[in-house]
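Keeping their order, the protein sequence lines are chains Y and G. Residues in the first sequence are numbered consecutively from 1, following our numbering. Residues in the second sequence are numbered consecutively from 115, following our numbering.
None of these hints come from the bench; they were simulated from the model. Treat the hints loosely; a few may be bogus.
Said to hold, decoys possible - With a cut-off of at most 30 Å between alpha-carbon atoms, the simulated DSS-like pairs for lysine-lysine come out as follows:
hint	chain 1	residue 1	chain 2	residue 2
1	Y	Lys-38	G	Lys-136
2	G	Lys-136	Y	Lys-18
3	Y	Lys-38	Y	Lys-19
4	Y	Lys-18	Y	Lys-38
5	G	Lys-136	Y	Lys-41
6	G	Lys-163	Y	Lys-22
7	Y	Lys-22	Y	Lys-36
8	Y	Lys-41	Y	Lys-18
9	G	Lys-191	Y	Lys-53
10	Y	Lys-41	G	Lys-183
11	Y	Lys-53	Y	Lys-19
12	Y	Lys-9	G	Lys-163
13	Y	Lys-22	Y	Lys-38
The structure displayed is predicted, hence computed values, not measured ones.
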Amino acid sequence: DTEVTQTPKHLVMGMTNKKSLKCEQHMGHRAMYWYKQKAKKPPELMFVYSYEKLSINESVPSRFSPECPNSSLLNLHLHALQPEDSALYLCASSQEVSSDSEQYFGPGTRLTVT
Amino acid sequence: AQSVAQPEDQVNVAEGNPLTVKCTYSVSGNPYLFWYVQYPNRGLQFLLKYITGDNLVKGSYGFEAEFNKSQTSFHLKKPTALVSASALYFCAVSRGSTLGRLYFGRGTQLTVWP
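Next comes chain Y alone, as it looks inside the complex:
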């Protein structure tokens, strides 16, 4: 099973709200990723977790807070977002954090900040 699931599919939130995005994989992968994607653009890496520890933070604003409760789950906590944060948020996983491992992506959460 090469499936990464993400919930919710769509999310509309105001700038003062707090919400969370969830991601789950059951492939036994030890690396998990968060990406942000604007329409018709390539994904932009936000965070990388390796063995449940944060290994890369691509200078993401603190209003985005990642969490990896266990090896199968990845959350992204959102607080005080801006309208420009509206985008498709993609979760991905791979066997390891290694340059030759392909990443498997979830379907994404379409986020709209009003």
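For this one, chain Y is given, so just place chain G on it according to the hints.
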């Protein structure tokens, strides 16, 4: 620095004809090269990768790609295009020291006309 160029924003081809989506890369050292496809409102799907060995790589859905070191290219090909292949295609590169970071091209929209 690592980078990928996809010189064509749009590729149009008639169903049944061969298709090529171009990708060139710039990386110091040995590259690891990937192709992903994204259908509307979906996450990215892994198609194929080149790590080492045979320059012709075969992947999902009848796609293949040829690694050409002298031309620093990794073009995606399919002998017979199907309408269902219409999607956004991303080429990506990594190398040994980038530890999970994928450097994506800007994407090429493939449209296969019936």
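### Task
Check each numbered hint against the structure and report the violated ones by number, ascending.
2 and 9
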